[in-house]
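Peer 1: For the sequence shown, the numbering used here gives the first residue as 1219, with consecutive numbering after it.
Do not rely on the hints blindly, as some may be mistaken.
[Said to hold, decoys possible] As a list, the in silico BS3-like pairs of lysine-lysine whose alpha-carbon atoms are at most 30 Å apart:
#1 1677 - 1510
#2 1337 - 1448
#3 1357 - 1313
#4 1591 - 1448
#5 1593 - 1252
#6 1427 - 1674
#7 1477 - 1313
#8 1297 - 1606
Hints in this document: simulated from the structure, not taken from any laboratory.
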Amino acid sequence: MASSKETKSPEGSKSKHLISGIGGSQAQWGRAWKVDWFSLSSVIFLLLFAPFIVYYFIMSCDQYNCSLTAPAIEFFTGKTHLLDIWNKMPSLTWKAASLYISWVTFQVVLYMLPDIVHKLIPRYRGGLQEGAVTPAGVKLSYEVNGLQAWLITHVLWFANAYYFHWFSPTIIFDNWIPLLWCANILGYAVSIFVFVKAYCFPTNAKDCKFTGNFFYDFMMGIEFNPRLGKWFDFKLFFNGRPGIVAWTLINLSYAAKQKELYGQITNSMILVNVLQGLYVLDFFWNETWYLKTIDICHDHFGWYLGWGDCVWLPYTYTLQGLYLVYHPVQLSTGNAIGILLLGLVGYYFFRMTNHQKDLFRHTDGNCKIWETKPKYVECSYMSADGTKHYSKLLTSGFWGVARHFNYTGDLLGSLAYCLSCGSEHILPYFYIIYMTILLVHRCIRDEHRCSSKYGKDWKRYCDVVPYRLFPGVF
């Protein structure tokens, strides 16, 4: 599914443009034009089972105290039936529906507001920003205001919790399952809308990809950057809002529920809130950087991102906090410090790796990385409008250690979240298992696209930086 943690492929520096006179050719990157049997079977599997995986996790906490094995054992031994489990699940309520509609509407309003935070906070890059060149040769503009939306939302949340008392801080946890139905409705509605839109009124027809396979096109998307009007960009909105803004609010609601139930907030819950909050805040501080990630630069917008951002992200990325409501874990001081340090080291690797790429790109290589002039592999690629672009693949700093060292930091941070929950249940560890599969797959997927995009130049880059994630291992 979609991830807030998408990170950049290794290309860097500003592109130069030369007209080659071969307009109309297909772009050399982006998602597939044709579908092989393995991709199709994977797509059908996810379409069928991903919603049930989310349902199973939430149900196991609601009915079986977060045990993943207990419901399966009871079902296969005949102690319970699927209808019994289904009937015990809270249904959609008008309260949850009104809450969710209000939440999404509020985020849409915040998304459409011009950003003023970049004028108030030094070094923050917000406001009007340009994205990367699309396969059709289009460069879109974006109003980057995610940090502003996150700040406004959280100021109002804390103002309510400590002063206004309009609603209980546990409101998200208390309506968590009814909200799941709302999130699914929005996720499927958006996915169906952009699928139909791609056929009837695409934003840019040259950036659409039709494989002829309904399931693949529906899941992976047809349009590259579907928009309504000039500024409402589906990809940027749903990747960043409402799911990622809600991530920290969901964790705060879990902490409030833990305090309500047990009279205290455990250090494990504090760790999860702090480490994941740091990651979310980093995402919005660097939202301009996000415009150059795989999500924006390569992925088309379909069910994978639409449903994934509405359902998968808020309901699976917050499993640690949910688990700690049912199983409050008080870590020893030594374990808490060790987990905190692991999370901070992972964040440092993640952030500094991407910082080095940004520095290299914005200075066109005229900078120092680890106190030396950066090394790189120069390469070229072609867009569908026949324009030849030149770029540079950085091979210095962390980018010389491994081709996706930012993913390495991602995995260390993900492991820290899970370790905060102790070792009694497997549920909190789903996140590190999922992130490992996701990021290894993205390594392979990204490198396949880079190989298609850069050809023999990519091979030269891989010869210089032979490892993907862990030097000497993989």
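Peer 1: Against this structure, judge whether each hint is valid.
Peer 2: Going down the list of hints, with the structure as the test:
| no. | hint | verdict |
| --- | --- | --- |
| 1 | 1677 - 1510 | holds (22 Å) |
| 2 | 1337 - 1448 | holds (23 Å) |
| 3 | 1357 - 1313 | violated (42 Å) |
| 4 | 1591 - 1448 | violated (40 Å) |
| 5 | 1593 - 1252 | violated (36 Å) |
| 6 | 1427 - 1674 | holds (25 Å) |
| 7 | 1477 - 1313 | holds (23 Å) |
| 8 | 1297 - 1606 | violated (65 Å) |
Of the numbered hints listed earlier, those contradicted by the structure are 3, 4, 5 and 8.
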